[in-house]
Amino acid sequence: MGPLVVNEIISQNTNLLLAFFIGIAFGFVLEQGGFSSSRKLAGVFYGYDTVVLKVFFTGAVTAMLGLLFMSLFGWIDLNLVYVNETFLQSAVLGGIIMGAGFIMGGYCPGTSFCGAAIGKIDALLFIVGLFIGVFIFAEGYPLWEGLYKAGFMGSPRISEYFGLTEGLVALLVIVAAVLMFWGAEWAEKKFPRDEY
Amino acid sequence: MNPYLAGVLLGVVVIVANFVSGRSVGASGAVKSAIIAGVETVAPSHAENALFYKEYKQSHEGNPLNNWLVYQMLGVLVGGFLSGVVSRRLTWKVEHNPRITSRTRLIFALAGGILFGIGSQFGRGCTSGSALSGMAVLSLGGFVSMMAIFGTAFALAYFFRKLWI
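Protein chains in written order, with the working numbering: chain F, 8 to 203; chain P, 805 to 969.
Hints in this document: simulated from the structure, not taken from any laboratory.
Each residue gets a CB set at the ideal place from its N, CA and C atoms; glycine is no exception.
Incorrect hints may appear among the rest.
Unchecked claim - Label-pair ranges, simulated between beta-carbon atoms:
(1) F:14 - P:859: 25 to 33 angstroms
(2) F:160 - P:859: 15 to 23 angstroms
(3) P:889 - F:166: 38 to 46 angstroms
(4) F:96 - P:889: 26 to 34 angstroms
Modelling step: build the complete structure from the supplied sequences, incorporating the hints.
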């Protein structure tokens, strides 16, 4: 049955229209979760507010479990779902640069659009930065094309890579998430937050 | 909203996106589409010759703005705004720690955005498109991105503490 567009149950144009509505839901949930505030987002790195960790990992676990169960019931063919390609060096380097951007800017791209949508001027500046950053990458691309394409590993699922079943990987991710939630609740009690 | 409830709803959005479109949410890809469309309009000959735009053209046809992530990000702006209306959070402000000036906050927001823009291209997606969406389908790259992003931010937190605490 799913994915609907890949199985040609809906047309490409319907797919793009639904993308808009999926975006509305995504933006609404991010904003309700508190992701429009850089103050809250950065809090996870100091322990005074761990909302990012809780929302992000609950979201990842819910999506992972939901998709695995839907696949089990035959509602979605996970072989037809897009899995990101892995280029190891580039992924690690990109993650490091993004991590630095996160702690300096207090936003990531999706959350900055949420912040801007409710009038955060710092989020708008972050978005201006995003455009500049992507433009710099595009213009300098010949310089780092080799690095960008190094370490290609295909589109492996973590279960395939380590030779484990998907269910076992899911269980390990859930255990890790619960331990992090426990740590997060502890940290919020330990590190007080000044309101402003 | 309770963060765990928000997390479950976020997970449902990712599930719906995969079920409907066979892909998941993202953000930085929409910025890339906008940059490519902008360069093609302003400097068409440059877009035809420079490698980055040429490679994009080879793998994508049509207008770069007629793209799933572009429509999705327009939705994010609407959804975020509606949530702000519902929760009465609509105000123009520069949110910052009282121990730093607005100006400092804005400079670091811009710098952080530039880094995130560059990093998201190397990472082939950002916190949404690579980390969250990737983890949902158990992508190895998704877990690598997640650990590199959060690990680096934790490692550097001490040096930027004056911005936040």
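Structure-based check of each hint:
1. F:14 - P:859: 25 to 33 angstroms: With a Cβ separation near 29 angstroms, residue 14 of chain F and residue 859 of chain P satisfy 25 to 33 angstroms, so the hint holds.
2. F:160 - P:859: 15 to 23 angstroms: Since the Cβ atoms of residue 160 of chain F and residue 859 of chain P sit about 20 angstroms apart, the hinted range of 15 to 23 angstroms holds.
3. P:889 - F:166: 38 to 46 angstroms: Given about 42 angstroms between the Cβ atoms, the range holds.
4. F:96 - P:889: 26 to 34 angstroms: Roughly 44 angstroms apart at Cβ, these two residues miss the hinted range, so it is violated.
Going through the hint list in order, the structure does not satisfy hint 4, though it satisfies all others.
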